[in-house]
Amino acid sequence: MHSQTVIDHTEQSIEVLIDPPVTSALVAELTTLWAKVTNAGGSVGFVAPVTEAFVRPHTVAILARVIDGSDTLVALTEGEKIVAWCVLAANDSPPRQNWRNVRHVQVDPDSQGGGLGGRLLQAAEAVARGVLNLEALSLKVRTGTGAEEFYRRHGYVEVGRLPGAVKVAENDYRDDIIMWRRLR
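Residue numbers (the working numbering): 23 to 206.
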């Protein structure tokens with residue numbers, strides 16, 4: 023586990039955690055946050071409403087890849103509370119080890135609007151460059167959420183689109199936008 027402390031402009035201490043120890047408490051905290059973000063309208067892999075019982079197996083599966091060293095968890099904490107997190111998911115293909123997929127980008131709805139999303143992306147990019155020695159990051163975002171504008175502001179560009187690939191409801195299909203960010 024790595025961590026560093028960053029002081030933000032409001033004098034609140036935000037700590038960046040990299041691969042914190044995976045404990046039952048971490049599983050519970052990430053599961054609770056993931057359900058909360060989804061139920062607040064976040065586009066983080068599910069369609070609301072969800073329960074923590076539904077989300078928990080997915081959290082466990084993600085953290086299993088963190089435990090085995092395949093993926094890297096990046097989290098922001100305020101005090102003892104995780105307020106934002108994402109995963110840098112490795113590619114299984116050897117020629118694609120120079121980049122990773124940014125997945126499950128989440129900020130606690132109670133903490134949104136204060137720049138934590140941008141700080142989470144900055145932390146993920148710092149880990150990608152400095153710890154993982156990566157050249158680029160990719161992510162997917164579904165249309166209809168406005169999230170693609172957020173990622174554009176943070177240096178990601180659209181490089182592809184899967185039309186109608188995300189079914190959010192009966193007769194409601196969204197495009198899956200593939201975005202890319204060069205780190206070097």
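Misleading hints may appear alongside valid ones.
Using 16 Å as the maximum straight-line C-alpha spacing, the simulated EDC-like pairs for lysine to aspartate or glutamate come out as follows [unchecked claim]:
no. : residue 1 : residue 2
1   : Lys-58    : Glu-74
2   : Lys-162   : Asp-198
3   : Lys-103   : Glu-51
4   : Lys-162   : Asp-130
5   : Lys-58    : Asp-132
6   : Lys-103   : Asp-130
7   : Lys-189   : Glu-171
8   : Lys-103   : Asp-197
9   : Lys-58    : Asp-114
10  : Lys-103   : Asp-132
Worth flagging that the hints you see were computed from the coordinates, not collected in a lab. All figures in this text were calculated on a predicted structure; none of them were measured in a lab.
Each hint tested on the structure:
For the hint pairing Lys-58 with Glu-74, the CA-to-CA distance comes to about 9 Å; that is within 16 Å, so the pair holds. Taking the CA atoms of Lys-162 and Asp-198, the gap is near 6 Å; set against the 16 Å cutoff, the hint holds. For the hint pairing Lys-103 with Glu-51, the CA-to-CA distance comes to about 8 Å; that is within 16 Å, so the pair holds. Restraint check for Lys-162 and Asp-130: not satisfied, since their Cα atoms lie roughly 20 Å apart, outside the 16 Å limit.
Only pairs whose Cα atoms come within 16 Å are accepted, and Lys-58 paired with Asp-132 is accepted, the gap being roughly 10 Å. At most 16 Å may separate the alpha-carbon atoms for a hinted pair to count; Lys-103 and Asp-130 meet this at roughly 10 Å. Distance hint between Lys-189 and Glu-171 is unfulfilled; the C-alpha atoms sit about 21 Å from each other, more than 16 Å. Restraint check: the Cα-Cα separation between Lys-103 and Asp-197 comes to about 34 Å, which exceeds 16 Å; the hinted pair is violated.
With a C-alpha separation of about 30 Å, the suggested pairing of Lys-58 with Asp-114 is violated against the 16 Å cut-off. Pair hint Lys-103 plus Asp-132 holds up; C-alpha atoms about 12 Å apart against a cutoff of 16 Å.
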